[in-house]
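Listed below are the residues making up each chain.
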Amino acid sequence: MFRLLVEKELREIIGTTKFAVTFGVCSVLILLAFYVGARNFQVSQAEYEAARAENIKQMEGLTDWGRIDHRIFLPPQPLTTLVSGISNDIGRTTEMQTQGELRSENSRFNEDPIFAVFRFLDLEFIFSIVMSLFAILFAYDAINGEKERGTLRLSFANPVPRATYILSKLVGAFLALGVPLLIPILIGCVMLPLMGIPMTGSAWGRLAMVVLAGYLYLGVFLTLSVFVSALTEKSSNSFLLLLVIWIFAVLIIPRTAVLISGRAVDVPSIDKVNYDKNRYMAQLWLEDREKMQNYSRENPPSQDGDMQAWMDDFRAFMSELSDVRNEKMSDFGGRLNEERRNRELVQQRLALGIARLSPTSVFSLASTDLSGTSLDLKERYIEAANRYQETYAQFIREKTGSAGGFMFTMRGGQDEEEPPPIDPYELPVFEYEEPSSTTLINDSLFDLGLLVLFNIVFFAGAFVAFLRYDVR
Amino acid sequence: MFATLFEKELKAILLSPKFVATFGVCSLLILLSVFIGVQEYKAGVDQYDTAMQLAEQEVREATSWWGVNNRAYRQPNPMQIFASGVNNDIGRLSNISTWTEVKLQQSAYLDNSLFAVFRFIDFTFIVQVVLSLFAILFTYNAINGERESGTLKLTFSNAVPRGQYMLAKFLGAWVGLVVPLLIPITLALLIVVVLQVPMTGVEWSKLLTLIGVSILYFTFFIMLGLLVSALTKRSTVSFLVLLVVWVLFVLILPRAATMAAGQIIEVPSVAEVESQKDRYRTDRWTAYGEERSAKWRERMEPAEGMNEEERTQFLEERRPQWMQEDDDDRQVMQEEIAEFERKVNEDLRNRKAEQERLAFVLSRFSPSSSYQLATMNLAGTNTTLKTRYEESMKAYRTAFAQFVEAKRIEERKKLMEQQRGQRRVMIFGGGEEALDVSELPRYEAPSHTFPEAFGPSVIDVGLLALFSVICFGGAFVSFLRYDVR
Amino acid sequence: METPRPMLEADGLTKRYEDGNLALDHVSFDVYPGQVYAMLGGNGAGKTTAINLFLNFIEPTDGEARVDGIATHKEPLKAKEKLAYVSENVMLYPNFTALQNLDFFARLGGNTKYSKDDYRQVLLRVGLEEEAHNRRLKGYSKGMRQKCGIAISILKNAPAILLDEPTSGLDPKAAVEFIRLLESLREEGKAILMSTHDIFRAKEVADVVGIMNEGNLVMQRSREELVGEDLEKLYVEYMTGYMDEVA
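Protein sequence lines, in the order shown, are assigned to chains A, B and C. 1 is the number of the first residue of the first sequence in our numbering; add one for each residue after it. 1 is the number of the first residue of the second sequence in our numbering; add one for each residue after it. 1 is the number of the first residue of the third sequence in our numbering; add one for each residue after it.
Bound conformation, chain A alone (with noise of 0.2 Å):
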């Protein structure tokens, strides 16, 4: 029974025109998805080869370690240009210093707001418009356009128990759908490696499973829309209800929820922040100059003596100050931007509790969680990139016996001898490491159990709604 409903099912939707047309386009929209991420990660590789190795010629010749400009850049990931989340929206230059404050510059968006204006087309992207247009387009009319056509009455003039009847419906629905979809995925899939892309097996594993995330959306899509057809007489009135649902869940409710939570929780402006350190440093400053005044004048440098062993003594004082002052400013930074940052997770949290009505955003957030380009991105790089500074200061360090920042060089008049140029290659590499995999599934377990448990309360609705549902 259940087998000779599930093949009814199967041949009702894939023999339609409208399933050839659909999942036409839908294909193509996978495949393109596909390309262009591979494209994108082309490029943006080459970018990256090209911005590391700039950055390293323009330092050649220099003959002072204390004198070049290093930049460390964030690499781009093969699953980034799949799913893109934020990574275009967070900076991914980062001008080194041996301390003080990192700050990331030049987003994508920032640098080509070309496309900022349509946005990126990713595999994100694809999934949650294709797969949820996808679902409705096939199951408005589940139950309810059974009925218009009067086989609803007809099967249940048979023994068919009604269960056995709307599960087979769900399951031949998604078989019917699931399955075919399956073939531009694949091809997709081998499309990666064909142009060259570096999956790792961590890489393939993420990408598996944001595609069963994509699955399981595919099935909260089919069982809501098997539900509102099962709760509605007419199937013109379920293709409405189930459209203005669509457009709620994909396009609106994710981006009012973000900006209702932006008014309701305040989180103070980076200007103000950025302001409130200057101000600091320039108190410190100040502080400090007043110190550098007096050792000039307390401690003259002898009349006939060692100029050279002043000037040591000057530097390491100096030396000292800087140190000093770097702490205090570090620890005052520190805990501004820990406040803010406290402000920030208090307003995120409640934009993605209410954006995770929809299970659109459900689904971008998993995905985004897989793929390592979620929120959590651009703290992963900062932190990256500040693990790196202590490096990069250790290096500089040895390098000129200065603790960097505030550099004290001087040139006397007298000849010296030109110091030999650097070598560049000497500088510590600035690696990005994408966290493990677990880490990044284990990020996106809640949303998948949302994804699960839409499934689970919107298959329940419709069994219920079909229990009682008039098949006359």
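It is worth saying that the hints were derived from the structure and are not from the lab. Where a beta carbon is used, it is the ideal one built from N, C-alpha and C, also for glycine. Incorrect hints may appear among the rest.
Said to hold, decoys possible - Using 30 Å as the maximum straight-line C-alpha spacing, the simulated BS3-like pairs for lysine-lysine come out as follows:
(1) A/Lys291 with B/Lys407
(2) A/Lys399 with B/Lys352
(3) A/Lys18 with B/Lys42
(4) C/Lys142 with B/Lys295
(5) A/Lys18 with B/Lys233
(6) C/Lys138 with A/Lys147
(7) B/Lys233 with C/Lys138
(8) B/Lys233 with A/Lys147
(9) B/Lys18 with C/Lys74
(10) B/Lys407 with A/Lys8
(11) A/Lys291 with B/Lys414
(12) C/Lys82 with A/Lys234
(13) B/Lys233 with C/Lys74
(14) A/Lys291 with B/Lys413
(15) B/Lys352 with A/Lys272
(16) B/Lys277 with A/Lys234
(17) B/Lys11 with C/Lys74
(18) C/Lys142 with A/Lys147
(19) B/Lys352 with A/Lys234
(20) A/Lys57 with B/Lys352
(21) A/Lys272 with B/Lys413
(22) B/Lys407 with A/Lys57
(23) A/Lys147 with B/Lys18
(24) A/Lys277 with B/Lys11
(25) A/Lys272 with B/Lys42
(26) B/Lys11 with C/Lys142
(27) C/Lys116 with B/Lys11
(28) A/Lys272 with B/Lys11
(29) B/Lys103 with A/Lys277
(30) C/Lys116 with B/Lys233
(31) A/Lys277 with B/Lys277
(32) B/Lys233 with C/Lys78
(33) C/Lys78 with B/Lys11
Unchecked claim - With the C-beta cut set under 10 Å, the calculated list includes, among others, these residues of chain B facing chain A:
(34) Ala21
(35) Val86
(36) Asp111
(37) Asn112
(38) Leu171
(39) Val273
(40) Tyr288
Let chain A serve as the given structure and place chains B and C on it in line with the hints.
Chains B and C alone, transformed into the frame defined by chain A:
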């Protein structure tokens, strides 16, 4: 006859339960978007005001003109409520100093990445995505639906000319769908007034034009719906076709076009260009340093063999002039650096402009992108927003640099006066008292006049009109041969 | 007495569709004012095609259909002023009430002077109860909608009426009422062309009966000629006879 047909069309739309639902949703969304937009704008203004004050405060608190760092901020623009465009994507401020070049940084989305996750919702977005969908929802069965219900036969069993019928269909649908929309739009404008958003006359005219363009865009989708419904026999088919077309127009084509353009025209990345500039700058400064050392050695040659007293005397006499010379040299060098940077930037900008042109040309296959481009141009939140601000900030930087440069020379003269006679005292920073910043030039946001806004959108408005006319023409012609049975 | 001019004339009417199917093969008949002409025939016999040709929904391949002497494919609008039409299973506008539907179509037919009472009277005349007049049509049964359609054709007050399976969807009682209505319209001097499957009703009301098969008018008898004949037998004979021929 025409009046009868028109009236019926109007009634058919207004009486359908579909209308109540969609009209409610649209009104809610339009009002919501404007309300949120106004709130965001106000928050933006607050942030801007504070930031400006803080920047000024910082300048005032500096004690030496050598340490003055100024910042210029991008002013929030009330039009962003309706069409936010790339407003949140490009930087809000630029450092203004004699040492660094102008560069907009710290975009709103960079600072508050949370908002980048699901992006923005504004009036344009609602019109572009939601209203277009609703236009389709109301017109997909305009012709073939009447055929299916048999009313087409009944109607044409009367002496009804097809042309008139079609015209009435279109006008009825248009009035029935557009006029109700004017209600939430008017309410939205009321919100703007009541919440006291400072709108100038120019901005009002831009806004009204924007609403006009929105209606034109909406009209296009009504026409498209009519066309497809006059081309197909069954309403389910026409709906499917329209939905696919909608997905392509609204969601896919614009994105695909820009990405294609990105692939076809390659632009060096910013990181690359920055490094190039760094390289040049470092080279020049190194050269300058070496030159200066050589010069000083040369200058001090006559003092060779003098005793300490004479040496000081010698130095004191000539130092002001020499420092002046050094300053001049430095300024020449800095100008050269600026020139080089300008050239590199211009190269980059030309490439980008080329890419952008291609992207826009390709994307204009979709009326949806035409609409978006037109509204962004009108609102001044298009991609040129960045260059417009950077240009004006550069001009400001020049004024600022001249002013500060003069102040610095003054300051140094004063210091040297004080120092005269003292021996070997290190100078860290300037005087004790705060700087007098009252004469400091202030940054004025670039103006964006109506012709400037409307000029670039003429082509898009024209395209929208053209698309609509083509669709209507197509619908008309195909209806003349439509099989009413 | 001079014979009146026929109101509806089919003159060698031929229709061959693009797919080559010959739907109507040189069919000629006349319908005079005050006459009811019933076209009988199976599905696909060409009855609806003939009506569509009178309405100029399709162009004739050969011959012409004339209304009051006006060739419909030459001056369709002028011809249609003289035609009222009732189609099979018309849905009408589901979101309009019966009165609204009537008003719209009456205006389309060029009658702008009707009042609400006129509409109500016509609706009562076709057997639609008062309480239904202000209800939306989406709640109507098939028969009620059909009555509405008939009311629309009466309101047009045209000299010729085309009826395409008018009794389909009507219950027996309503069908009888409909026949009475046709008779009264005939009294008013209307020329009525009706296609139908319903042999009994056709015999009851028709002044002339034509039997169509595979695009040909295979038999045409007046009421007088049919007296004493078993129409049903004739019908089956003509149909099977044709079948035999084909075989």
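Here's how the hints hold up against the structure:
no.	hint	verdict
1	A/Lys291 with B/Lys407	holds, 26 Å
2	A/Lys399 with B/Lys352	violated, 40 Å
3	A/Lys18 with B/Lys42	violated, 48 Å
4	C/Lys142 with B/Lys295	violated, 106 Å
5	A/Lys18 with B/Lys233	holds, 15 Å
6	C/Lys138 with A/Lys147	holds, 17 Å
7	B/Lys233 with C/Lys138	holds, 22 Å
8	B/Lys233 with A/Lys147	holds, 24 Å
9	B/Lys18 with C/Lys74	violated, 41 Å
10	B/Lys407 with A/Lys8	violated, 86 Å
11	A/Lys291 with B/Lys414	holds, 23 Å
12	C/Lys82 with A/Lys234	violated, 39 Å
13	B/Lys233 with C/Lys74	holds, 26 Å
14	A/Lys291 with B/Lys413	holds, 24 Å
15	B/Lys352 with A/Lys272	violated, 34 Å
16	B/Lys277 with A/Lys234	violated, 67 Å
17	B/Lys11 with C/Lys74	violated, 33 Å
18	C/Lys142 with A/Lys147	holds, 18 Å
19	B/Lys352 with A/Lys234	violated, 53 Å
20	A/Lys57 with B/Lys352	holds, 24 Å
21	A/Lys272 with B/Lys413	violated, 35 Å
22	B/Lys407 with A/Lys57	violated, 37 Å
23	A/Lys147 with B/Lys18	holds, 21 Å
24	A/Lys277 with B/Lys11	violated, 65 Å
25	A/Lys272 with B/Lys42	holds, 17 Å
26	B/Lys11 with C/Lys142	holds, 23 Å
27	C/Lys116 with B/Lys11	holds, 18 Å
28	A/Lys272 with B/Lys11	violated, 57 Å
29	B/Lys103 with A/Lys277	holds, 21 Å
30	C/Lys116 with B/Lys233	violated, 35 Å
31	A/Lys277 with B/Lys277	holds, 29 Å
32	B/Lys233 with C/Lys78	holds, 27 Å
33	C/Lys78 with B/Lys11	holds, 28 Å
34	Ala21	holds, 6 Å
35	Val86	holds, 4 Å
36	Asp111	holds, 5 Å
37	Asn112	holds, 7 Å
38	Leu171	violated, 25 Å
39	Val273	holds, 9 Å
40	Tyr288	violated, 13 Å
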